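Novice: The task is simple: from the sequences and hints, build the whole structure.
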Amino acid sequence: MLNVSPRRREYETLPSLNNPAIPARAPLPQGETDDTKRIVERFGDAVIAAGLHNDQQMVYIRPDQLVDLANFLKTEEKLAYEALVDVSSVDCSKLPAGETIDARFHTVYQLRSYTRKRHLTVVCPADGGSQPVVPSLAPVFEGAVWPEREVYDLMGVGFSGHPDLRRILMPENWPNHPLRKDMPLGGEPVPFTLTWEDPEFETLGKQVLPAESVAPVLPPGMNRERMIVNMGPHHPSTHGVLRLVVELDGEDVIHVDPDLGYLHSGFEKTGENKRYKDFVYYTDRMDYLSAMNNNLGYVLAVEKLLGVEIPERAQVIRVIMSELQRIASHLFWLSTHVLDISGTGMSLLMYATRERERILDLFEMVAGARLTISYIRIGGVWKDLPPAFLSHLQDLVDLLPGKFDEYETMLTAGPLWQERLEGIGRLSREEAINMGLTGPMLRGSGVDWDLRRDMPYSGYENYDFDVPVSTDGDCYGRYIIRMEEMRQSVRILKQAMANLPDGLYRTDNRKVSLPPRAELDVSMEALIHHFKLMTEGLQVPPGMAYHGIEASKGELGFYVYSDGSAVPYRLHVRGPSFNNLYAISKMCRGHMLSDIVANIGSIDIVLGEVDR
Amino acid sequence: MGLEDKLPEGIVTTKLEDLVNWSRANSTWPLLFGLACCAIEMIATGTARYDISRYGSELFRASPRQADLMIVSGRVSNKMAPVIKRLYDQMLEPKWVIAMGICASAGGPFNNYAIIQGVDKIIPVDVYVPGCPPRPEALLYAMDKLREKQGRETFAMRRRDDIAAAMVAPQDIAPEGGSPIGALSGLRKHAPRIPEA
Ligand code: SF4
Numbered sequence: 000m001l002n003v004s005p006r007r008r009e010y011e012t013l014p015s016l017n018n019p020a021i022p023a024r025a026p027l028p029q030g031e032t033d034d035t036k037r038i039v040e041r042f043g044d045a046v047i048a049a050g051l052h053n054d055q056q057m058v059y060i061r062p063d064q065l066v067d068l069a070n071f072l073k074t075e076e077k078l079a080y081e082a083l084v085d086v087s088s089v090d091c092s093k094l095p096a097g098e099t100i101d102a103r104f105h106t107v108y109q110l111r112s113y114t115r116k117r118h119l120t121v122v123c124p125a126d127g128g129s130q131p132v133v134p135s136l137a138p139v140f141e142g143a144v145w146p147e148r149e150v151y152d153l154m155g156v157g158f159s160g161h162p163d164l165r166r167i168l169m170p171e172n173w174p175n176h177p178l179r180k181d182m183p184l185g186g187e188p189v190p191f192t193l194t195w196e197d198p199e200f201e202t203l204g205k206q207v208l209p210a211e212s213v214a215p216v217l218p219p220g221m222n223r224e225r226m227i228v229n230m231g232p233h234h235p236s237t238h239g240v241l242r243l244v245v246e247l248d249g250e251d252v253i254h255v256d257p258d259l260g261y262l263h264s265g266f267e268k269t270g271e272n273k274r275y276k277d278f279v280y281y282t283d284r285m286d287y288l289s290a291m292n293n294n295l296g297y298v299l300a301v302e303k304l305l306g307v308e309i310p311e312r313a314q315v316i317r318v319i320m321s322e323l324q325r326i327a328s329h330l331f332w333l334s335t336h337v338l339d340i341s342g343t344g345m346s347l348l349m350y351a352t353r354e355r356e357r358i359l360d361l362f363e364m365v366a367g368a369r370l371t372i373s374y375i376r377i378g379g380v381w382k383d384l385p386p387a388f389l390s391h392l393q394d395l396v397d398l399l400p401g402k403f404d405e406y407e408t409m410l411t412a413g414p415l416w417q418e419r420l421e422g423i424g425r426l427s428r429e430e431a432i433n434m435g436l437t438g439p440m441l442r443g444s445g446v447d448w449d450l451r452r453d454m455p456y457s458g459y460e461n462y463d464f465d466v467p468v469s470t471d472g473d474c475y476g477r478y479i480i481r482m483e484e485m486r487q488s489v490r491i492l493k494q495a496m497a498n499l500p501d502g503l504y505r506t507d508n509r510k511v512s513l514p515p516r517a518e519l520d521v522s523m524e525a526l527i528h529h530f531k532l533m534t535e536g537l538q539v540p541p542g543m544a545y546h547g548i549e550a551s552k553g554e555l556g557f558y559v560y561s562d563g564s565a566v567p568y569r570l571h572v573r574g575p576s577f578n579n580l581y582a583i584s585k586m587c588r589g590h591m592l593s594d595i596v597a598n599i600g601s602i603d604i605v606l607g608e609v610d611r
Numbered sequence: 000m001g002l003e004d005k006l007p008e009g010i011v012t013t014k015l016e017d018l019v020n021w022s023r024a025n026s027t028w029p030l031l032f033g034l035a036c037c038a039i040e041m042i043a044t045g046t047a048r049y050d051i052s053r054y055g056s057e058l059f060r061a062s063p064r065q066a067d068l069m070i071v072s073g074r075v076s077n078k079m080a081p082v083i084k085r086l087y088d089q090m091l092e093p094k095w096v097i098a099m100g101i102c103a104s105a106g107g108p109f110n111n112y113a114i115i116q117g118v119d120k121i122i123p124v125d126v127y128v129p130g131c132p133p134r135p136e137a138l139l140y141a142m143d144k145l146r147e148k149q150g151r152e153t154f155a156m157r158r159r160d161d162i163a164a165a166m167v168a169p170q171d172i173a174p175e176g177g178s179p180i181g182a183l184s185g186l187r188k189h190a191p192r193i194p195e196a
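Residue numbers (numbering that gives the first Met the number 0), protein chains in the order written: chain Y, 0 to 611; chain C, 0 to 196.
What the hints contain is simulated information worked out from the structure, not anything from laboratory work.
This structure is a prediction, so every number in the text was calculated from the model and none was measured.
Incorrect hints may have been included.
What the hints assert, rightly or not - Dumping the calculated SDA-like pairs for lysine to any residue here, alpha-carbon to alpha-carbon at most 25 Å: (1) Y:Lys-402 with C:Asp-50; (2) C:Lys-84 with Y:Lys-273; (3) C:Lys-84 with Y:Pro-235; (4) Y:Lys-382 with C:Cys-131; (5) C:Lys-144 with Y:Ala-368; (6) Y:Lys-273 with C:Ala-47; (7) Y:Lys-180 with Y:Ala-23; (8) C:Lys-84 with Y:Val-244; (9) C:Lys-120 with Y:Gly-185; (10) C:Lys-120 with Y:Met-349; (11) Y:Lys-276 with C:Gly-130; (12) Y:Lys-273 with Y:Trp-381.
Specialist: Put into structure tokens, the structure is as follows:
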């Protein structure tokens, strides 16, 4: 195994300013809502705490009642929490002991009711000290299967009753669970001061390490008698380093088992060792096709903890950026999807990237980068829009709808295109909800749900747009949805341009955003704020927050646990591609080998986000 | 000039080595292989605006057996490293490697348990491209640098390396108490080839 360097860095947070109140636990929820009242009535003493925390409904439940609670939430008509959108976990070993709870590990579940438009967070302190076990929710919500495997892999929490508890991201023979707080970040010391004369220079970067591979194991449920084919991690149509183990009978797919983690980059662990403002740059590199969306999701979660108000202008700029990014991401999806399955592939790749380049030019105009932009920052955006931006955007907005028509002429009614997509990868409404799918995957199966409209953030309630829904549940339906989404994004862009207010582009709350340079010359107070922000970083009050946004691929959620210091205590990302990819086995079963490619394209995955 | 004056039109004289290098440099086929964010910029380099086919490299081959150039476009995780190594071994000689972006060059922002600090820990690299991600222009510049390098190769250099790798055991190369790097460069078939002046 590689990279297990003997010189490891110890776990460290920034000095907590000699503040005895740091680290602190997240306070328990207070008050009550209709839903928590119902839960407390039904479960009585098994509920440790319930109520509101940072305006989020939250319930702490004892592990023995967890499955019952999940069943109750799902089946009780007045609650109707149909979907489990995320599972994460917290290792509390570096926090002070709690008054009511002293378990080392907590598992955290995010539940969603699509009919009632509600969100509920369930926290479950795990029994068993350093070898924790909690009951699995996979029998209740199928969408828990992969997220629970991820928690097991990275945090070492066992799930009793889980159908398939294996590692999912790390190699089979990895010795530990990297997200635990007693595990160091790893990596190598950086020789900043090395000179040509240093003897160490001789060997720097020159050691050739053995790259040992682990012998592949047959995934459970596969039959050796049949043909087993390995697709990826190096395959032109897997959109990155995804590996699929496929069991075939002739050309018919019997079983597909994805093997993830070939791009696992330790985002969450890295985030827990960086200050809040420094992690914004990492989010770009997660779903690298929609960096602006990632920035937005992360800063909204942190801003929820901070409780800052964002100026109107900044909000509209954020909307403009995330809609542009959605179009850019969909254009790239379209070009690769067509390249994979249709004869007109190369030409559409050229056309769609031509338009995408124009969007990237706009990004370059505002932030100087094409792909990893980091333009949306905590408290607002990095800089105001340059003067020529709006006229360029206007040109683009005028041009795009005609181009979308052009693509559709090439594809929508094309017999080859229809043949390859219609009836492929069909998912019913119930399956889609139960598997925790989001975004176009969910809307493609007839669920009328869009976070921008149903749980608005960043002022999306002020825009008039339609949410396309298809009831076919197949790849063709999802294609139609994405094409329509691009048109709706153009509609939002037009409204945003018309209503762009003047004013601040980032908050003037000096605890959060830096004072402008000119102020430093005249104001001592500004100087102090600047100094404190640069040296200590952003102080975030203790608590936890989950915020989901409608990214181009589905619900992108960030779960942040703050201990009061300038570094997130726990940072978890719910990548939409990860949860959506779970559906691949069901979508492919019974179809031909070549349809796997259509299904991968239709899910629209980005491996940086799947593996994180 | 000289002989060429006397020959009929359309005939050029050159060295065989130059001819081979010229054709190699103008038809370097990359491996169709993307890892992370940098791969998106690699694809952008292949599209009409940047047009990598000016270099004869637009033909991204899906099979390592048909590719001459590996563009390592992105971060290399522990799980991916053996795969990259195997792909590299499967490519036929002569082969070249571009480490695209800071991740592939030195680990970049991911100095942690999951990412290998530079792909040169597992395979030899010819050209490093800085940037996160490097712009398509930067990748094209790297191709230029690679062409320069390809133009300098001689048959003798390659032959000498092959003989050295085939005949000398590692323990013979490392002198008693000598620097370990000497031993390793002997092991590495493709240690950086610096032409003698
Ligand atoms: S160098 Fe930057 S852009 Fe390239 S793979 Fe690494 S993080 Fe992504």
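Novice: Would you mind marking each hint as holding or not holding in the structure?
Specialist: The hints, checked one at a time:
Between Lys-402 (chain Y) and Asp-50 (chain C) the alpha-carbon distance is near 21 Å, which keeps this suggested pair within the 25 Å criterion. Proximity of Lys-84 (chain C) to Lys-273 (chain Y) is assessed by CA-CA distance (about 32 Å); at most 25 Å being required, the pair is judged violated. Distance check on the hinted pair: Lys-84 (chain C) and Pro-235 (chain Y) sit about 18 Å apart at the alpha-carbon level, within 25 Å; holds. Straight-line distance between C-alpha atoms of Lys-382 (chain Y) and Cys-131 (chain C) comes to about 21 Å, which keeps the hinted pair within the 25 Å bound.
A threshold of 25 Å between alpha carbons decides the hint, and for Lys-144 (chain C) with Ala-368 (chain Y) the separation of about 24 Å falls inside it, so the pair holds. Using a Cα cut-off of 25 Å, the hinted pair Lys-273 (chain Y) and Ala-47 (chain C) is violated, with the two alpha carbons roughly 39 Å apart. A hinted pair counts as satisfied when its Cα atoms are at most 25 Å apart, and Lys-180 (chain Y) with Ala-23 (chain Y) qualifies at roughly 15 Å. For a cut-off of 25 Å, the pair hint linking Lys-84 (chain C) to Val-244 (chain Y) stands: about 21 Å separates their Cα positions.
About 17 Å separates the Cα atoms of Lys-120 (chain C) and Gly-185 (chain Y), which keeps this hinted pair within 25 Å; it holds. This hinted pair does not check out: Lys-120 (chain C) and Met-349 (chain Y) have alpha carbons roughly 36 Å apart, beyond 25 Å. Pair hint Lys-276 (chain Y) plus Gly-130 (chain C) holds up; C-alpha atoms about 21 Å apart against a cutoff of 25 Å. With a C-alpha separation of about 19 Å, the suggested pairing of Lys-273 (chain Y) with Trp-381 (chain Y) holds against the 25 Å cut-off.
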